[in-house]
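Enquirer: Each chain, written out:
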Amino acid sequence: MKFNLKNGINSLFVTLLAVALVSIFLSPFAFMVLTSLKTREQISVVGAPIWPAAQPKFELEGKEVDVFVVPISQCDGFDANSTDTRNLAIAKKGRQESTFIDPNDLGRGEFVCRVSWRALDRPWTLSPTWQNYVEVWNTIPNGYWRLLGNTLFYAISTMIGTVISCILVGYGFARFRFPGRDFLFLILISTLFLPGAVTLIPTYSFWQRLGLVGTWWPLVVPHFFANAYNVFLFRQYFMTLPRELDESAMIDGAGPLRILWSILIPQSYPVIIAVVVFHIVFAWNDYFGPLIYLSTSRENWPISVALSSFNGIYGQQPQLIQAGAFLAIILPMILFFVAQRFFIQGIVVTGVDK
Amino acid sequence: MLEELNKTREKFSFAAFRNMKSIAKREMRSGLGFTSLWIIGFLAFTLIPMIATLFFSFIDLSITDGIFSTPKFVGFDNYAQLWKDPQAGVNPQFWFGSETPSSLIITIRFALIALPVGIFAPLLLALLMNNKHLKGQFIFRTLFYLPFIVPFIASVFLWGGMLNTETGWINRFLEFAGVPNENLPGWANDVNWVYPTYVIMGIWGIGNAMLIMLAGLQGVPTELYDAAKVDGANTWSTFWNITFPMISPVIFYNLVLNIVGLFQYFLVPLVVNNGTGRPGGATLFYNLYLYKTFFTFQNMSYGSTLAWFLFIVILIVTIALFGTAKYWVYYAGEVRS
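As they're listed, the protein sequences go chains A and B.
The first sequence runs contiguously to residue 355 in my numbering.
The second sequence runs contiguously to residue 1387 in my numbering.
Among the hints, erroneous ones may be present.
[Said to hold, decoys possible] If you only want the chain A side, here are some residues facing chain B, beta carbon under 7 Å, derived:
1) T16
2) M33
3) P72
4) V170
5) A175
6) P203
7) V282
8) L308
9) S310
10) Q323
11) P333
12) Q341
[What the hints assert, rightly or not] If you want the ones that stay clear, here's a sample from chain A, every Cβ over 10 Å from chain B, calculated:
13) P57
14) E60
15) E62
16) I73
17) S83
18) D85
19) A92
20) D103
21) T130
22) V164
23) P271
24) V277
25) W285
Think of the hints as simulated: they come from the structure by calculation, not from any bench.
Glycine included, C-beta positions come from ideal geometry on N, C-alpha and C.
Extracted from the complex, chain A is given alone in its bound form:
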C-alpha cells in the first residue's frame, strides 16, 4: 500500500487517543507502586511530590541539620542578580539572616544569606523505601506464605473439580441424545441469571448445621458439580469437533469415557487451558465465599480476606495498604502475562456464541 498522509494522521490520532486512555486506565497501578514506596512522613506532608521522596539532612559536626532551597542571590559571595537556587544546609538559624553551608562545595565554608529560613522550602530527593513491604510482610495475618498456601489450595482443588465435572457434563450434553436434554440445557443456561441470594440462606444454614462453617468444605464441594458457564464452553467446543473420529473409535470398541479421554480431550487443550486460567483468577479473587464461610477461622483465610482486614488496621496509612495490595496482585499479574494468549483466546471462544 502506498503511503497515505491522511491515513498516517488518522493512525497517529487514534493511537494517541488509545495511549492517553490506557495511561489513565492504568494509573492506579502507578499510584499503588509509588505510594507503597513512600515513607509515612512523606504521606503526611501536604504538597509532597507524588514519587517516593525524602527531605535530605546534612551531617554537620555530628549533628543532623535541615537542607533548604535557597535563592543564592541573597547570599554573601554570590552574584546578586542570579536567579539560581541551591540546596544548602543550615548551620545557624537566625530571624533575618542565617548561616549556610553548601554540601556540594564544602571548601567554601560557612556563609550568610539574608533570608528568613522559615519561608524556605525543603528540597525533595528520590528515595524509595522498602520498609512498608517489610512491615506488611511481618504483620499480615498468618504470614504471607500461609495465605498463599491457603489461596493456592482453594484455587487448585476447585480448579480440578471444575475442569473434570464440566468436561463430563459438557460431553454429556454435546454428544448424546436423551429425552429432556434440551430442557435440561435450558435450565442449565438459566442458572447463569439466577441471583445467588435466593439459595444463600438455606445453603449456609445447611453447612452450619453440619458444623462445616469455618472449613473449606462449603467452598470446595460445589465446584465438583459443574457450573453453567464452563459446561456451556465445553459443550460448544465439543460440538465443533468432527464426530467421525468418535464413530470410528466406537466401531473399534471404545466406550464413551475412552472416546472422551483419547479423542476429544487431546483436541480441546485451548479451551481446557482457558477454563483453568479463568478459574484460578476467579478463585484467587473470590472474596464473598471465603468471607462468609471462613471469617471466623483465621488460620484458613485466603489472601483476599486477610487483605480486607488491613482496611481496619491500616485505614490511615495508605503506604501500607498499597504495599498489601501489591502483594495480592503480583501473582495473578504474573499468571496473566505468562498465559495472556489463553485469556484472550478464551474470551473469544466464550463470547462468540452468546
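Chain A is already provided as a structure; the job is to place chain B on it using the hints.
Expert: Below, chain B alone, put in the same frame as chain A:
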C-alpha cells in the same frame, strides 16, 4: 397439536424405552450418566435451596433455631412485613419523599447510572480497539483487559487510594487543574459522589466485556461493510444498520448480565463503606440489606422473604428483556417476517 402430544407421550413411556433400539438406550444411559453430575449439583445447591428459601419465608425462623427445628407457620406475615418495611421499599409509598431512600430505590437509582456506563464504555472501547487506524491493537487490548484480573479487594484499595480526598491523585489533579478546595469531590464519603465513585471502580473491570464485544465486532463479515461503501452509506448509518444489528446478541447478553448483576449489587458498598449505608444511608443497597438481615440480625425468615422478592423481580425483568429481544436482537441466519 394433539398428535404431537401423543408422540411426546409415547416417546417418554416405559414401553417406548423397552422398544428403543439398544443404541438409543445406550446413548440415553451415557447422556444421563454424564450430565447427572450437574443434575445432582443443581438439585443440591440450586433447586432444593430455592424451595427451602421459599419455605423459610412462610415460617418464623432465626439462625439459632437451625433448619431442622419444627417450623412455626406464619402464613404471609413475612410478606406483610416486607410491604410495611420502609427500609426495603417494596411499597410505592416509600419510593419518594422519604428522608433516607429505601434500599430498592437506592438499587434502581444506582443501576440507572451504572447500566449505561456498563454497556457503552466497553462498546466504545471495543470500537476504538477495532478501528483500522489503531496501531498495536494487541498491546492495547491486553492492557485494557489487565485490571479485570486484579483481586476485588485490591482494586478497592487502589481506587480507595486514588480517590482519597487528601492524598489521592484524582483530587490532587483537580486541585492542580484549578478546582477550588471547597469544590473538590468527597468521593466515597459524599452523598453526591458515592455513586460515581462506585461507577469508576466498576469501569476498571470492563476489560472482559470489551473483549467479548470486540470478538463480536471482528465477526461482522467485511462484505457487509464493502456493500455499504458501494451504496455510499456514511459512518453513522453503517454503524446503525450493519454493526449494531450484527453485534446485538453480544450487547443483549451483556445487558442481561449487567441488569441481573446490578440488582444484586452489594459487595462494593460492603467493603468501601463497611456496609453501614454511609454516607447518609445512600449505600444501603437492597442486597446489602438482605445480607445484613441474615448475617448481622440473624433473621432467616425475613432474609428469605427479601431473597424471594428479589428473585421474582429479577425473573420478571429478565423475561421482559427476553421479550424485547425479538424487536432488536438479530441472530444471523434467522428469517424475518
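Enquirer: For the hint on A175 (chain A), just tell me whether its beta-carbon gets within less than 7 Å of chain B.
Expert: 9 Å, violated
Enquirer: Does the claim that D103 (chain A) lies outside the interface with chain B hold up, using a Cβ gap greater than 10 Å?
Expert: 32 Å, holds
Enquirer: Does the CB of T16 (chain A) sit less than 7 Å away from some CB of chain B?
Expert: 5 Å, holds
Enquirer: Can the hint on S310 (chain A) be confirmed by a CB-to-CB distance to chain B that is less than 7 Å?
Expert: 10 Å, violated
Enquirer: With a cut-off of 7 Å on the beta carbons, see whether P203 (chain A) makes it to chain B.
Expert: Cβ of P203 (chain A) sits 4 Å from chain B, so the hint holds.
Enquirer: Decide, holds or violated, for the assertion that all CB atoms of chain B are farther than 10 Å from the CB of S83 (chain A).
Expert: 29 Å, holds
Enquirer: How about M33 (chain A): closest beta carbon in chain B under 7 Å, or not?
Expert: For M33 (chain A), the interface hint holds, since the closest Cβ of chain B sits about 5 Å away, which is under 7 Å.
Enquirer: Taking 10 Å as the cut and beta carbons as the points, is E60 (chain A) off the interface with chain B?
Expert: Non-interface label on E60 (chain A) holds, nearest chain B Cβ at 31 Å vs cutoff 10 Å.
Enquirer: Taking the closest Cβ pair, is V170 (chain A) under 7 Å from chain B?
Expert: Cβ of V170 (chain A) sits 4 Å from chain B, so the hint holds.
Enquirer: Far enough from chain B: is every CB of that chain over 10 Å from the CB of V277 (chain A)?
Expert: Label holds. Min Cβ-Cβ 14 Å, cutoff 10 Å.
Enquirer: Against chain B, is P72 (chain A) within 7 Å by beta-carbon distance?
Expert: Since the shortest Cβ distance to chain B is 24 Å, the answer is violated.
Enquirer: Going by Cβ atoms, does V164 (chain A) stay more than 10 Å from chain B at every point?
Expert: 12 Å, holds
Hints 3, 5, 9, 25 from the earlier list are contradicted by this structure; the remaining hints agree with it.
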